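*Asks:* Heads up: the protein sequence lines correspond to chains E and W, in order.
By this note's numbering, the letter at position 256 of the first sequence is numbered 256, and the numbering carries on one by one without gaps.
By this note's numbering, the letter at position 376 of the second sequence is numbered 376, and the numbering carries on one by one without gaps.
Quick caveat, the hints were computed from the structure, so don't treat them as lab data.
No false leads were slipped in.
Which copy? The list can't say, so a pair holds if one copy fits it or any two copies do.
List time: in silico EDC-like cross-link candidates among lysine to aspartate or glutamate, alpha-carbon distance up to 20 Å:
no., residue 1, residue 2
1, Lys105, Asp14
2, Lys218, Glu95
3, Lys119, Glu5
4, Lys368, Asp318
5, Lys356, Glu264
6, Lys238, Glu286
7, Lys383, Glu222
8, Lys372, Glu27
9, Lys211, Glu177
10, Lys370, Asp314
11, Lys34, Glu306
12, Lys28, Asp314
Computed from a prediction, not measured in an experiment: that's the story for all the values here.
Protein chains: 2
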Amino acid sequence: MVEVERNLRMVAGDGETSYAKNSRLQEKAMLEVKPMLAKAITEVCMALISGPTSTMVIADLGCSSGPNAVLFVASVVRVVEEHCKSLLGCHEPLELLFFLNDLPKNDFNNLFRSLEQIKNMVDIHHPCNYGGETIVTPPYYVAGLPGSFYTRLFPCHSVHFFHSSYCLMWLSQLPEELDIKSTTHLNEGNIYITRTTAPSVVKMYQQQFQKDLSLFLKLRSEELSPGGQMLLTLLGRKNRDALHGNLNHVYGLLGQAMQSLVAEGIVDKEKLYSFNLPIYGPSIDEVATIVRQSGLFNIGHIQLFESNWDPYDDSEGDHVVDSIQSGVNVARSLRAVMEPLFASHFGEQILDELFKRYACNVAKHLEKEKTKYSVIVMLLNSKG
Amino acid sequence: MVEVERNLRMVAGDGETSYAKNSRLQEKAMLEVKPMLAKAITEVCMALISGPTSTMVIADLGCSSGPNAVLFVASVVRVVEEHCKSLLGCHEPLELLFFLNDLPKNDFNNLFRSLEQIKNMVDIHHPCNYGGETIVTPPYYVAGLPGSFYTRLFPCHSVHFFHSSYCLMWLSQLPEELDIKSTTHLNEGNIYITRTTAPSVVKMYQQQFQKDLSLFLKLRSEELSPGGQMLLTLLGRKNRDALHGNLNHVYGLLGQAMQSLVAEGIVDKEKLYSFNLPIYGPSIDEVATIVRQSGLFNIGHIQLFESNWDPYDDSEGDHVVDSIQSGVNVARSLRAVMEPLFASHFGEQILDELFKRYACNVAKHLEKEKTKYSVIVMLLNSKG
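Using the sequences and the hints, build the whole thing.
*Replies:* Right, dumping it as structure tokens:
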């Protein structure tokens, strides 16, 4: 059984295999959506001016402990500094209260110790005197909030802006039937949907995603204040057909690495057959349908963009320059995310070998085809 | 130089020498002030009913990572459950938002993992059906907030109740002159005020405390919402004369243990002479004067109570039953608080020997005299 809340967390600390040192993929997505973030924060600022409060409450859901959480806070502070100053003219100075949320086993200690960097990031980008006019950094306060975003996290109508990046493809749990019947080999030793996955299993994944995203929307709509907004970025797929999703390759090759360990007797077959990833990469249509069916939010914007598997490959074309190195980079980036989940089920001793084989599989695959991640980003406005 | 923000933290984790396992002294103080807590929270509830908000924001300043932070949250939840329900009759249900604050190096990971216990504590004390009437636990949310309480931590007027227990005797820094001139042996190898401390050094400590508490009051008055309250518990002294404070014995005997290590060449003399504790135990008069001079708060209540050195000695009399065991208990309880500070200045290798000698010194002292801690508790109401 895969216990998500207990075993899902990014690799802690700031060592070589840590998430903090291996989260460039997630950073690139944040840079991609930065203009949307700026637009949304500016709109929320404007909505606040007409209200009685002078504190903007901002929550990052699934923040992890890496530099991206710090980057998010610094980005919002800078937007308020730049774009909202003129709007606020004679209004009381705006204060920002951030909540950085993740599951209780996240490395909050490392996160809190890195918050000092926010100051430097804000200062570096904005000299005090800006075009002859003095820029005043809005006072900001940063708290950590442990808990699953599939539960209520905040008092009613207390948050003005929700942000979540690279998290909502994580399910609250494995589809129940798949979890209970995992010993009956419903997914044939695969760890995620692949081309050999039965349609009934695909449906289980889809229904769990629908249930989870609907719950997420309901909870956030209770917590969001009127006029509030949400910017959500998650891994998805380009193709309508879930059997041909973009994540199939990523986890398919990891599944093959696991299967080779089973074939050599290093991992018990039953262990592999009772393991499925609690993750689902939806299509843009699936996501939009769930949002519309909830009736709780207007979709201000929704789009899909692509991101190279190798976080350090910033090229645009369809050619992979160094597939061996890219294989290693992809493996590192995935290990920083998946390690605790795999370690709790298969034991720590297999990890080095598993991700070494995975790196080879990825390299071989990239030689044939430069596959990419598909990332869905959407901006939702509260209907309330 | 003693860098408070970098080196002051309770011992992390939940091992044998951790603060979590050695904080019964602090727990006893919380039980002592529980009736005052209940009274204050009830009053804050009443004040909230007439306002526009239905969320009570509560902050525990200097929460550390032990069970006491959890005990505090559970206590407040129960008070609201018991006392405030009748007051809230037709009002919107009250929600509680807690901020647990400590310095960034506090073990927040351990704290967050222990929050699950709150639920059990609330449930154990209150069956669902209470005198024929169903008791509904108010929804509560718990965040961690890293930072020094000698800086601004919250937006203006955003907190309804501040709590701080066993923290405000810690200074923001050593008195500057004492820190800079520490190599000139201003305090003669003592680590705190003792009978041989020069009056000029005593004055430095007093002025630093005055400066720090005044700053604390100013900052909190900016953050406290109208009608808000603060319950502050800190170590102090019974005697008016700072040379005869209750903490002199506690740290005097620790200083003697250090001096014996110097005498045997285990610790360098200069190391000891450049070390003073950034702590001060004030008299009730000193505290009351600073609060009155600030002009920011009314003193709703102020009192001093005593607590046996040995956290596990619950006896009332003046006799110590087992001074050897009490010595060990006192040493453990102090080590859980002081270890990181001593380790950063003297190195970890001396700790076992230091606290062994300290335990002996305490045992010998307790044979002659059952000395006690003096604890000051006060309830402050915002004047604003």
